[in-house]
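Undergrad: Here's the letter readout for the chains.
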Amino acid sequence: MLLFTSTLLACSLLLKAQPNYKVVLDLTSGDSISQQTAIRWVSEITKAEPTAQVEVVMFGKGLPLAIKDKSAVADAVTNLATNKNVAFKVCSVAMANQKVDKSQLLPGVQTVPDGIYEIVSKQHEGWGYIKVAH
Amino acid sequence: MLLFTSTLLACSLLLKAQPNYKVVLDLTSGDSISQQTAIRWVSEITKAEPTAQVEVVMFGKGLPLAIKDKSAVADAVTNLATNKNVAFKVCSVAMANQKVDKSQLLPGVQTVPDGIYEIVSKQHEGWGYIKVAH
Amino acid sequence: MLLFTSTLLACSLLLKAQPNYKVVLDLTSGDSISQQTAIRWVSEITKAEPTAQVEVVMFGKGLPLAIKDKSAVADAVTNLATNKNVAFKVCSVAMANQKVDKSQLLPGVQTVPDGIYEIVSKQHEGWGYIKVAH
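In order, the protein sequences belong to chains A, B and C.
Straight run, no breaks: the first sequence in the working numbering ends on number 134.
Straight run, no breaks: the second sequence in the working numbering ends on number 1134.
Straight run, no breaks: the third sequence in the working numbering ends on number 2134.
Okay, chain A solo, but in the shape it has when bound (with noise of 0.2 Å):
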């Protein structure tokens, strides 16, 4: 009975502890309202819920709002990124494909090896998922 009371308690503690707002956010487009909205999005989550995980996945066509000449929002992911609860993740397929090199990344920009593959661990993991579009 005890040993019982501990387990829940234990559960309890531990549920408390992981409020389970992870998500991953999908960007495959390249326009300026998409990457205001990934951003806007990744702000407010962060605002709201300052524990909340978030990572936003580029692959196909989303790459510009990671690359330095290219984003519309470059600022403001330099500033995210030093966040450790967001993570931005550029997919190494698409940057071998799109002849993408990591010197052209913004500060605090990470790469995967598979875009698609993270997104779908995260899933699994239990992260939640949200495609970037309008």
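Treat the hints as calculated values from the structure; they're not laboratory data.
A few of these clues could be false.
Stated by the list, open to error - Keeping only pairs whose Cα atoms sit at most 20 Å apart, straight-line, the calculated SDA-like set for lysine to any residue is:
(1) A:47 x B:1092
(2) A:47 x B:1114
(3) A:61 x C:2044
(4) C:2070 x B:1134
(5) A:22 x A:40
(6) B:1102 x B:1114
Dock chains B and C against the given chain A, drawing on the hints supplied.
TA: Using the frame of chain A, we list chains B and C on its own:
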């Protein structure tokens, strides 16, 4: 052995009672084709499977579907919202950003504090997710 | 201790055999760029990870990819459909709405009673989900 059989039986009854047709539709587009698409899907799902649960979450540019003088599908929204297995939920953050008041929403339309969190929570509870786009 | 080690070993073998690269692509757009994007992703995924399972579900306006005289990627669909880890599935409700007959579908393309339920079921089984959009 008897216990094992009973457990199996209970599981299969449970599965029968939970066909798991629960889906959240993510609408962030305001064009009338997207509105009509969302409504057609809600209608078709509930007609094919009356116990299915469908929720349309609107944020970003997706609010017009639920706004009295802007919706291209006002009557359909009002009718479908009377179905207890259907919900239309608008993000309060987007409403504030876009100066939309609750009084402007169609009858039966609900609000949620954060549309993205609403979707993430539903996914976490096992609901399927479909982005409305074309 | 031996039991513990065996269990660990079994788990790691299981993990190796299930890299969990299962993804359903949701296509509701008929434009040729979306078609080419979907096909490029399927090709890249299966090339990078031959055991990955990929399913493209077409409904709404997404049917042209799979229709003989309308597909911009007919040869690629026919070739990829021979891969036992790849499936192209068209929603029968959308086919009826749009007066598309099974005989018009490319070789190897399958039909499902309800495209949205197909996607929701796959998500429920733990597959990842990616919306094709740009």
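Undergrad: Are the hints correct? Go through all of them and say.
TA: Verification of the supplied hints:
no. : hint            : verdict
1   : A:47 x B:1092   : holds (15 Å)
2   : A:47 x B:1114   : holds (12 Å)
3   : A:61 x C:2044   : holds (15 Å)
4   : C:2070 x B:1134 : holds (17 Å)
5   : A:22 x A:40     : holds (16 Å)
6   : B:1102 x B:1114 : holds (15 Å)
Violation of the numbered hints given earlier is absent; every hint is satisfied by the structure.
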